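Novice: Spelled out, the chains give:
There are 4 protein chains.
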Amino acid sequence: MTAQGKLHGIFTPNMVPLDTRGNIDECGLRTYVDWLIAHGVHGLYPNGSTGEFTRFTPEERRRIIEIIMDQTAGRVPVLAGAAEANVRETLAACEYYHSLGVRAVAIVSPYYYRLSPDNVYAYFREIGRNTPVDVTLYNIPMFASPIDVPTIQRLSEECERIVAIKDSSGDVPQMMRMIEAVRPNRPDFSFMTGWDAVLMPMLLIGADGGTNVTSGVVPELTRKLYDAVAGGCIDQARDLQYLVRRIFDALLFSADFPEACRIAIKLRGLPIGPSRQPLSEKHQAVLAELEPKLESLYAEAGVPCTRAAQSDFTPQQIGQIVATVLQSLNAQGSLS
Amino acid sequence: MTAQGKLHGIFTPNMVPLDTRGNIDECGLRTYVDWLIAHGVHGLYPNGSTGEFTRFTPEERRRIIEIIMDQTAGRVPVLAGAAEANVRETLAACEYYHSLGVRAVAIVSPYYYRLSPDNVYAYFREIGRNTPVDVTLYNIPMFASPIDVPTIQRLSEECERIVAIKDSSGDVPQMMRMIEAVRPNRPDFSFMTGWDAVLMPMLLIGADGGTNVTSGVVPELTRKLYDAVAGGCIDQARDLQYLVRRIFDALLFSADFPEACRIAIKLRGLPIGPSRQPLSEKHQAVLAELEPKLESLYAEAGVPCTRAAQSDFTPQQIGQIVATVLQSLNAQGSLS
Amino acid sequence: MTAQGKLHGIFTPNMVPLDTRGNIDECGLRTYVDWLIAHGVHGLYPNGSTGEFTRFTPEERRRIIEIIMDQTAGRVPVLAGAAEANVRETLAACEYYHSLGVRAVAIVSPYYYRLSPDNVYAYFREIGRNTPVDVTLYNIPMFASPIDVPTIQRLSEECERIVAIKDSSGDVPQMMRMIEAVRPNRPDFSFMTGWDAVLMPMLLIGADGGTNVTSGVVPELTRKLYDAVAGGCIDQARDLQYLVRRIFDALLFSADFPEACRIAIKLRGLPIGPSRQPLSEKHQAVLAELEPKLESLYAEAGVPCTRAAQSDFTPQQIGQIVATVLQSLNAQGSLS
Amino acid sequence: MTAQGKLHGIFTPNMVPLDTRGNIDECGLRTYVDWLIAHGVHGLYPNGSTGEFTRFTPEERRRIIEIIMDQTAGRVPVLAGAAEANVRETLAACEYYHSLGVRAVAIVSPYYYRLSPDNVYAYFREIGRNTPVDVTLYNIPMFASPIDVPTIQRLSEECERIVAIKDSSGDVPQMMRMIEAVRPNRPDFSFMTGWDAVLMPMLLIGADGGTNVTSGVVPELTRKLYDAVAGGCIDQARDLQYLVRRIFDALLFSADFPEACRIAIKLRGLPIGPSRQPLSEKHQAVLAELEPKLESLYAEAGVPCTRAAQSDFTPQQIGQIVATVLQSLNAQGSLS
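Chains as they are written, first to last, in this note's numbering: chain L, 37 to 372; chain U, 37 to 372; chain W, 37 to 372; chain F, 37 to 372.
Keep in mind that a hint or two might mislead.
The list cannot tell twin chains apart, which means a pair is met if one copy fits it or any two copies do.
Said to hold, decoys possible - Cut-off 35 Å, straight-line C-alpha distance, at most; resulting in silico cross-link-like pairs (DSBU-like, lysine-lysine): (1) K42 to K329; (2) K42 to K260; (3) K42 to K318; (4) K329 to K318; (5) K329 to K260.
Since the hints were derived computationally from the structure, they do not count as laboratory data.
A quick note: this is a predicted structure, and the numbers were derived from the prediction, not measured.
Looking at chain L on its own, in the form it has when it is part of the complex (with noise of 0.2 Å):
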């Protein structure tokens, strides 16, 4: 274990917000930072499923967390999203990465291919001997090769450097398994939930925190299930949880992960922009239909919503307002 300590609480899987012709919205991504942290996460999860890492290329990844660690200045920990093409790769990505000063990076079990318990074992074990950071294991087996609990074990008893695992699978008997099999020898090991319709028994049962997909959209509301537990408030916690479940619900089944997401972001009156994966007019319409949806269960959960605020004018009408305005102005001689 570092001296920093074992991580822990509400890290969030940030989204990258882009710009109209689908560039990084810098601006929009330092926003984004504040209005998280001063919504009380305990800290950041950028590169990872929810953050879309596989649709940015390996510069523009360098680039994202370059941003969050300039903008988070060290206000809560980063665990940055460091898989690349191969092992390779991914060590130089964790080597810059501690150059910039994360707490860990997490990585992804390999994907595409299917790789048996023992590749993957083989994989993590190559990059716990060399990286220079903190590693958090990520399972998540909807979309990788799964990590088994004997290949954690395994791990943990021989990589001092990874420290944690993110598991995503919302297994809690396999989250207590893990448990059992890795804490007795790593006391420092963290354990962190990616599945918040099961945060609260998650933490019940003895896991450390959580990355939460629903942080990065309601952090107050996540924030207060996880503070809820650990004060020992069951009854409030079991409200909270079915509330955060009914929004984690919508955010993973209302449409194909994780668009519904950048509606919900941009519902709390953040700049998130446009998606990278090409719609269906369908799934417009699927989108359109979740917004009243999620306005709904935000005025459950008590949070601001920023929707009519929002709604005169599309970041696309804006857009071209602005060229208009320009065009105008450049007419009129007024910009040269």
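Starting from the known structure of chain L, fit chains U, W and F onto it as the hints suggest.
Specialist: Quick look at chains U, W and F alone, frame taken from chain L:
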């Protein structure tokens, strides 16, 4: 359809030989290309799943196509895997590969995230509308979002530039459904199977050819099976299909894909080098056990096997020997 | 192998007509048997999945075989589904069906619980050692514990009484693996496919026949496909296979299996009666929509469709008419 | 809701002891019932999955309920598994079990065939409309057609006689979704979990109890966990949940379900007898290896283990001894 005619025959999803440091072995790749063409394959398909496209950087993927195009020099058509992080990057790759003269590109359905059919459609439509080069859809449901029949039908009707599908599901009735849905309106559309275990049935029910992993290790055999079916020699084709299936099973199911292919290529006497994916000791043992099994299959297929010639020294040992010799020479001042 | 020869050809997994009260319609069943034989099927397979064996009581299952044996009267061989609650009950059924003169029994792999391959082996071994009648293994992984290739191989080597497998996986390479593992030692062992969508490929790679649901509704067509393949008429077989697959898809995927078969049989002008499974209003609507689709497929296949003759009155309407007439007669004192 | 109050607490899905010939061991079953009640379970649930209902004949299933009702004699409520081959047979069982005084029946969703949600609804609606006794829906998606949330909601709203669901999915968010959909309109409706590995989380988020396999082998422990959660002792509950999960995992995943339960019951010193499912040599070895593991878990749980007393002779050996003695006595003419 372009003037170049419909895609058909056996295309090899070729691997990329690496040197001992894990870099692209350009010389080895050129050797492999020549060997494949000499052994009768109708075309090449670099940057596919067998070609481990996800384990190379974007720059390396481009370099691979450059080498392939230079080395084939028009002898056989090239189908270049062009999937990148997002539509913009993918289209840039399409343009570059078009400038290099590829016959078509192949674009795998979005992976990591599992997209709904309508967004798979939206993705390919965006590409189909903007590509300067013919596009082959690549359906591989075990690794990527499935492309369903209505999606293929719509894309074939709306996008002239989409000219083929490579289907690696191995699902024979599904191939019939695709052909039935597309061929009446697009007789030029090509159907290629990536599942060698059913190459004969696929060709018999109307597929145009295959992008077959076995053709990268026993090209003469895969080609012979294709020719037997084309020539109406059903009994011969059946015997060849049984043999091809045994080799295919060994390549697909003996080890984490595509590690067994590397062993199989090495046994043909070709330079292939190590994997970029770290392999566990257990997996290395599995691969070692595979060698005699493959040799036996090669003997049955009547294809030469050159393990003996190679086995005196491993590439690693040769590397060490060279290093020792260089060190020795250096110590003697011979290299100054 | 028995003196009766190897199982081969098209066996119909026949449904059981019910009367309006849901009881076995013995007369209807006898009519159906005659119709099937007259339309060319090589054998019958009652008490299979299409035959809804799980929805009848043990006594009813026995009654079904009694009727079938009596009605076939040796014209075609009968393969009797004999799976009961446990080995003892199953063996008692084997003995009874043997006494009735069935050609063989078919026993589905244990279902509800998913057994491991070694206990599937133990189950069939116990049956194979004690049965007085030839046994067909029935592999249907979508409903029951899968029977894997090593299990089939062991059973074929150890139990002479186990003479065939009915495989409803539709997995062509798996059929090749089974044939390869069993045929060298047991040339008498028969391989029957239950997946009509690939009947032609299955026969071409060596299967002996099929137990095909389409043969219960368009027996002349399924038989024609079988004959075309047997006669080496590949082009004709391909066309028939496309047509059979369309009908198969309609039977399998239009509605909860095997409800669509009931409609399809009714459209051939045969008595079939209602389902024992209560159908939702939604499902009834689905089945109503299926009728014109099937009629169109029948027209394409050139088989007679007798819907018009039947459609004037539904069984319910007829029941009501009869009730009204009886009431009227009763009121007049005519029935005293 | 009936006057008998809402179903709640720990119900044991009890196994049925068999004698050496494989028949129901009535005496053993009565002993087991008394033992379970003495060890604190709130109710019994015969003819469930653990009770191997599919491996008994319809007559045997009735006999089991008769014995159970006679032996419990009103000490605890009984939830009787009543699923038969079809709705008519199932309703007949409901009537009979009602006449015997069961608290309610439990009816598993249709199995073998996988029904669509709307036909699952139609099935239970038909039962719900005609049953004379309260009905518990039994959702066990790993073995039977899943019962989804809209189906549960509709049934709870339309059928007063449907009073509970036993859910063996182990899916905590799904339980929340069910409770959220049903409880507002049906506060009397009961939610029971069949997945002991998450009993604590399920109770904490609002479930009323469980039908728990562990309560058949360590009833005092499962009950203690239930009481700890009910009493708000979260820390104690967590420790018990870890222990219950370990035993649950051993029962579920060590061997083909429910074979490990038989071993676990035997180790508590109870008569249980052999399985009706033939077990392979490999599986017998697995079960033998399980014994010390279970003994160790029992020691950890502080529950008595009586293996030593039993282990001198296996039931088979005892059977042989008895047979030898009888033969000897017979030879002497003592038994004439």
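Novice: All hints, please: hold or fail.
Specialist: The hints, checked one at a time:
1. K42 to K329: Close across copies (34 Å), not inside one copy (37 Å); limit 35 Å.
2. K42 to K260: both (21 Å within a copy, 33 Å between copies)
3. K42 to K318: Answer is between: at 33 Å across copies they meet the 35 Å cutoff, but 44 Å inside does not.
4. K329 to K318: This pair counts as both: shortest intra-copy Cα distance 17 Å, inter-copy 27 Å.
5. K329 to K260: within (22 Å within a copy, 42 Å between copies)
Every hint, counting from the list given before, is met by this structure.
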